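Engineer: Quick note, the sequences are listed as chains P and R, same order. Residue numbers are given in full-length UniProt numbering: position 5 of the first sequence equals residue 5, and the series is strictly consecutive. Residue numbers are given in full-length UniProt numbering: position 74 of the second sequence equals residue 74, and the series is strictly consecutive.
Derived by calculation from the structure, the hints in this document are not laboratory data. None of these values were measured; they are calculated from a predicted model. Glycine residues also receive a C-beta, built at the ideal position from the N, C-alpha and C atoms. It is possible that some hints are incorrect.
Claimed, not checked - The following label-pair restraints were derived from C-beta to C-beta distances:
no., chain 1, residue 1, chain 2, residue 2, range
1, P, Glu208, R, Asp32, 31 to 37 Å
2, R, Ala97, P, Arg217, 34 to 40 Å
3, P, Asp92, R, Ser213, 47 to 53 Å
4, R, Glu209, P, Glu209, 23 to 29 Å
5, P, Ser102, R, Glu73, 45 to 51 Å
6, P, Thr93, R, Arg271, 37 to 43 Å
7, P, Glu205, R, Gly127, 32 to 38 Å
As the list claims (entries may be wrong) - Simulated coverage check for chain R against chain P, where a stretch passes if three residues somewhere in it have a Cβ under 8 Å from a Cβ of chain P:
no., region
8, 112-118
9, 168-180
There are 2 protein chains.
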Amino acid sequence: MTTTDRTGVATLPMPDLSRTFPGPFPTSPHADRIQAHLGQWLHRFPLLGPPDARRTLCDIVAHGVARTFPTAEPDGLVLCADLFLWLTAFDDTYGEAAAAGSPARLVRRIQGCVHLLADGEPPGDAGPFDEALHDLLTRLRTRATAAQYLRVTGCLRDVLFGMLWEAHHLAEPDHVRMHDYLAVRPHTVLVRTLIAVAEVVLRYELPEEARNSPAVRQPESAVADLAGLLNDLGSYARESAKGVPNSLNLISLITRAQHCDIPTAYAAAARLGEEHAATARHGIDRLATSDSAPLQQHAEALESIACSYIWHIDHARYTKA
Amino acid sequence: MTTTDRTGVATLPMPDLSRTFPGPFPTSPHADRIQAHLGQWLHRFPLLGPPDARRTLCDIVAHGVARTFPTAEPDGLVLCADLFLWLTAFDDTYGEAAAAGSPARLVRRIQGCVHLLADGEPPGDAGPFDEALHDLLTRLRTRATAAQYLRVTGCLRDVLFGMLWEAHHLAEPDHVRMHDYLAVRPHTVLVRTLIAVAEVVLRYELPEEARNSPAVRQPESAVADLAGLLNDLGSYARESAKGVPNSLNLISLITRAQHCDIPTAYAAAARLGEEHAATARHGIDRLATSDSAPLQQHAEALESIACSYIWHIDHARYTKA
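Given only the sequences and the hints, what does the whole structure look like? Please build it.
Structural biologist: Listed below in structure tokens is the structure:
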């Protein structure tokens, strides 16, 4: 296991993924181009006020997406980057602490998004988040097949619901069952959306039979679980360094469930992460050696999605206290 | 305009739909068979306790679905009926007043549904609602194309979100803007789900280009708006007769927006209903005379869906105080 030393926090174990997902991870040559585009898109749709927040977010989204789909063409990358910028900015603006203070306000905000996701027209008084989402959905519809569009918009609804779920539980984490937390996490960490977006960005389509098979579902779930867990380890460490660890976090849930201290919970989570990584690696390798081109492409997508989450937890957004 | 005389309520005007949607409405010869099936399905998945509530619900769902799709084959009708039984029982059990008391509880309940809608496995401790939904989704997946399945499951998410939206606003209806209410209503009245289910029940598929055209969207929206409005007129009269009119209702919203009394608001809503009906009639007639078979089938579906809502407001569930 590797260890991470953060200000104000005891050295906490991180999962050792050096054998399952060894770096360095490939990245797209278009990262700078994506970042420049994101700046322009944010100028058109001013989702975030402070210039510092804009720059940091554009940087992590551009470089994250460049690692998520290192072989993709620029037009697909840019669509994916805009979508993830929107989701992250929405969560930063309306989710988390802001939402916990008034879930009803978040419900009203999300209702506008649901209206657009359900093919409604933007309202006359649409703000930048509605306008930007409308722009995204129009572009997504142009690029995706009908099923791909519906799959992605289904995932977006689940992300928004996940934010609501979090908003209702931040204040009462004792009501949260581990099982429910683990079910919601792949949505709020956006990995399910990324998996759905992969086909649109990389232009392939899984046959329906394969999509619903254990051979595809198992590595998808393992990557999804790994992504949530890595994000939790990273964010818990970051929040702890600020002195306000998030109570809705796998680490906190483990300490409560197992009546243990933080380092013990961290170690348990790290081991779990190694198990998810091993399951993902096994399933991805099997898909990669199938004789179906879309399954091979899906294996490649799952691999780079996993790598992007591993890369993310070392990015400034997470390591800066 | 026709008038309806209900115990304890002044005579309130209802929209005159005798020229746009004249009855009597055709009904399926399989209504009794559907009703018998629903009884068995509720035996397998005990969603409702009181035998009286079961009987009433099975009756209205069976006869409603028989009018919604009068020409459909029994297997499609039965799937649709189970789905609508589930939605209605879920709302009766967890939505409305129960939810307003604890939106967080409804969020937790819905989370289990979202998990299944997002292809998750049923949990070990799944209750009858989860098990019944899993059964429905399995059957829907077998019968529908991938896009149809995703379209219906997207609608189901919107219905569940609509229940949450309602739960957050029942206690503070003054925060509700008319625009938002009208956007949510087609989801909570289940008409958007019915429109999506129609293709699965009647086995046709709209070409994507047609689906996104004004020629299809306009009558769909008119039927959706008409359905919500009729349901509001019916339920307001029913609740008023009990002395507890629902504050989240078009009538209440009109009285607040226009500072008018109930009969004036009712008259305004009735006129609006007539306008929606005229728009729906015009759009349906245009679709019905197109030279595309799926557009003609869609016209037929929209027509009978509209008729089923007109029929519904006279059913016992609404007229019994």
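Engineer: Run every hint past the structure and note whether it holds.
Structural biologist: Going down the list of hints, with the structure as the test:
no. : hint                            : result
1   : P/Glu208 - R/Asp32: 31 to 37 Å  : 36 Å, holds
2   : R/Ala97 - P/Arg217: 34 to 40 Å  : 39 Å, holds
3   : P/Asp92 - R/Ser213: 47 to 53 Å  : 37 Å, violated
4   : R/Glu209 - P/Glu209: 23 to 29 Å : 27 Å, holds
5   : P/Ser102 - R/Glu73: 45 to 51 Å  : 49 Å, holds
6   : P/Thr93 - R/Arg271: 37 to 43 Å  : 40 Å, holds
7   : P/Glu205 - R/Gly127: 32 to 38 Å : 36 Å, holds
8   : 112-118                         : holds (count 5)
9   : 168-180                         : holds (count 6)
This entry does not satisfy hint 3, going by the numbered hints stated previously; all others are met.
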